[in-house]
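If you read the protein sequences in the order shown, they are chains C and E.
Take the first sequence: its position 47, counting from 1, is numbered 47 in my numbering, and each next residue is one higher.
Take the second sequence: its position 202, counting from 1, is numbered 202 in my numbering, and each next residue is one higher.
What the hints contain is simulated information worked out from the structure, not anything from laboratory work.
Some hints here could point you the wrong way.
As the list claims (entries may be wrong) - Listed next, the in silico DSS-like pairs over lysine-lysine satisfying Cα-Cα at most 25 angstroms (straight line):
id : chain 1 : residue 1 : chain 2 : residue 2
1  : E       : Lys-78    : E       : Lys-16
2  : C       : Lys-31    : E       : Lys-226
3  : E       : Lys-149   : E       : Lys-78
4  : E       : Lys-17    : E       : Lys-77
5  : C       : Lys-226   : C       : Lys-149
6  : C       : Lys-97    : C       : Lys-78
7  : C       : Lys-226   : E       : Lys-31
8  : C       : Lys-149   : E       : Lys-149
9  : E       : Lys-21    : E       : Lys-149
10 : C       : Lys-226   : E       : Lys-192
11 : C       : Lys-192   : E       : Lys-78
12 : C       : Lys-192   : E       : Lys-226
2 protein chains.
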Amino acid sequence: MLSANQQKFIASLSIKKYRQKYRKFVVEGDKIAIELLQSPQIVVDSIFATERWAAQNPDLLQPHLDNFNVVHEIELKKISNLTTPNQVLIVANMPEKQLGPGEIRPDFCFFADGIQDPGNLGAILRIADWFGFPALFCAPDTVDVYSPKVIQASMGAFLRVATAELELEALCAALPEWPVLGAVLGGESVFKIDLPQFGILVVGREGRGLSPEAEALLHHRLTIPKHPQGGAESLNAGIAAGILAAVIRDRQMIG
Amino acid sequence: MLSANQQKFIASLSIKKYRQKYRKFVVEGDKIAIELLQSPQIVVDSIFATERWAAQNPDLLQPHLDNFNVVHEIELKKISNLTTPNQVLIVANMPEKQLGPGEIRPDFCFFADGIQDPGNLGAILRIADWFGFPALFCAPDTVDVYSPKVIQASMGAFLRVATAELELEALCAALPEWPVLGAVLGGESVFKIDLPQFGILVVGREGRGLSPEAEALLHHRLTIPKHPQGGAESLNAGIAAGILAAVIRDRQMIG
Numbered sequence: 001m002l003s004a005n006q007q008k009f010i011a012s013l014s015i016k017k018y019r020q021k022y023r024k025f026v027v028e029g030d031k032i033a034i035e036l037l038q039s040p041q042i043v044v045d046s047i048f049a050t051e052r053w054a055a056q057n058p059d060l061l062q063p064h065l066d067n068f069n070v071v072h073e074i075e076l077k078k079i080s081n082l083t084t085p086n087q088v089l090i091v092a093n094m095p096e097k098q099l100g101p102g103e104i105r106p107d108f109c110f111f112a113d114g115i116q117d118p119g120n121l122g123a124i125l126r127i128a129d130w131f132g133f134p135a136l137f138c139a140p141d142t143v144d145v146y147s148p149k150v151i152q153a154s155m156g157a158f159l160r161v162a163t164a165e166l167e168l169e170a171l172c173a174a175l176p177e178w179p180v181l182g183a184v185l186g187g188e189s190v191f192k193i194d195l196p197q198f199g200i201l202v203v204g205r206e207g208r209g210l211s212p213e214a215e216a217l218l219h220h221r222l223t224i225p226k227h228p229q230g231g232a233e234s235l236n237a238g239i240a241a242g243i244l245a246a247v248i249r250d251r252q253m254i255g
Numbered sequence: 001m002l003s004a005n006q007q008k009f010i011a012s013l014s015i016k017k018y019r020q021k022y023r024k025f026v027v028e029g030d031k032i033a034i035e036l037l038q039s040p041q042i043v044v045d046s047i048f049a050t051e052r053w054a055a056q057n058p059d060l061l062q063p064h065l066d067n068f069n070v071v072h073e074i075e076l077k078k079i080s081n082l083t084t085p086n087q088v089l090i091v092a093n094m095p096e097k098q099l100g101p102g103e104i105r106p107d108f109c110f111f112a113d114g115i116q117d118p119g120n121l122g123a124i125l126r127i128a129d130w131f132g133f134p135a136l137f138c139a140p141d142t143v144d145v146y147s148p149k150v151i152q153a154s155m156g157a158f159l160r161v162a163t164a165e166l167e168l169e170a171l172c173a174a175l176p177e178w179p180v181l182g183a184v185l186g187g188e189s190v191f192k193i194d195l196p197q198f199g200i201l202v203v204g205r206e207g208r209g210l211s212p213e214a215e216a217l218l219h220h221r222l223t224i225p226k227h228p229q230g231g232a233e234s235l236n237a238g239i240a241a242g243i244l245a246a247v248i249r250d251r252q253m254i255g
């Protein structure tokens, strides 16, 4: 049974202000919920699931019985952000402190320079996860990593890729040895340029590209070569991030 | 001024059944509208724009004055699929006949094997456009290319990349010399495999990958190598398509 207060509270977590106030966020759907419950990274606040889901996942629920609520599918629909029928919704605690730049080993990581589309930011988290990038840093004007749509699009990558919000300038100041890379028009082909062994890969905002502030900080100006017959003005920000990460990792394996 | 009938008609075009009945679709927003009006590919049915937009684009409107309607921003909002304020909406005619497989030159083209997310299909169109793939073929269970969200996400790529709906089997039968490529788990690294000079690049459905029918038709089983420290189960379908297209074009330039 879902109380009116619970319903109101969960709905409030779709707004960044309330997520930050309570330091909690929402994770939905069978697959991500199971991954979350198996992960040691995130502390669960409460679980709302149908009787059916509970019966299928008794072991996962065992440690959370005090904070578990059986709800009807119709009740779940009222608090769900998903369009497809859903069996489980988890309220989780944000990590107590965000990743400090000094805590990561020298490797490649992403910096999201104002990405607005939650689907894009989620896809970039998933790219980081696939290519073993340990972290995604976000400029303060980037869509919130803990927004429901980013969490869902990340497909559980938020459990493995550390995230933190800070200005690129502050990140560069904290990691002065790290080269900064980003895609710009008229840069050098990512397939041909000499790439460093670690660095900060900046992904620009949709429809604008890198901010002038970010561009001024680049050590490596990369371009994904457009085909001579190609017509598009640009690639989607997530797609560009995926291509750069794939090529960087391939070149590291060769080099 | 927008009549109730016009409003109803335009709203109906957000549904595939009515798009197919009238063979018309909707294009919105300043940038894509201007591209569309400059393109010889698509015949315009009617234009709905604010007085301000009309004053800024007299030359583009000139050939369409008979089918041009000045509307107030508030009226435009009623018929718009966009969330941001908009100045122009165009109803356009679908091409009279769809691309026949026999009409394209040997090159790489995409086959969308049941992609469901309009943002993904739009991104794939944009990838095709950037990398000069002349065509995107879609399985009948793929989201409709002319749905408003695909058109918007394609950023005008629908004007340059030919599209057609047919089964992969029929496409292969029509292009018997064309090798079929697709990403599967446990395939060969796209960075290392010998790639053909042209072919059909199949993109699988989100969360499912290639259908067994499509997988059975593959000549080249590709994989985007996951980093040893990587955790994600898969990449987003659009991201995978972008990486494959980028690597294929790079390898062609080298080889």
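Against the structure shown, which of the earlier numbered hints fail to hold, in ascending order?
Result: hints 5, 6, 11 break, sorted rising.
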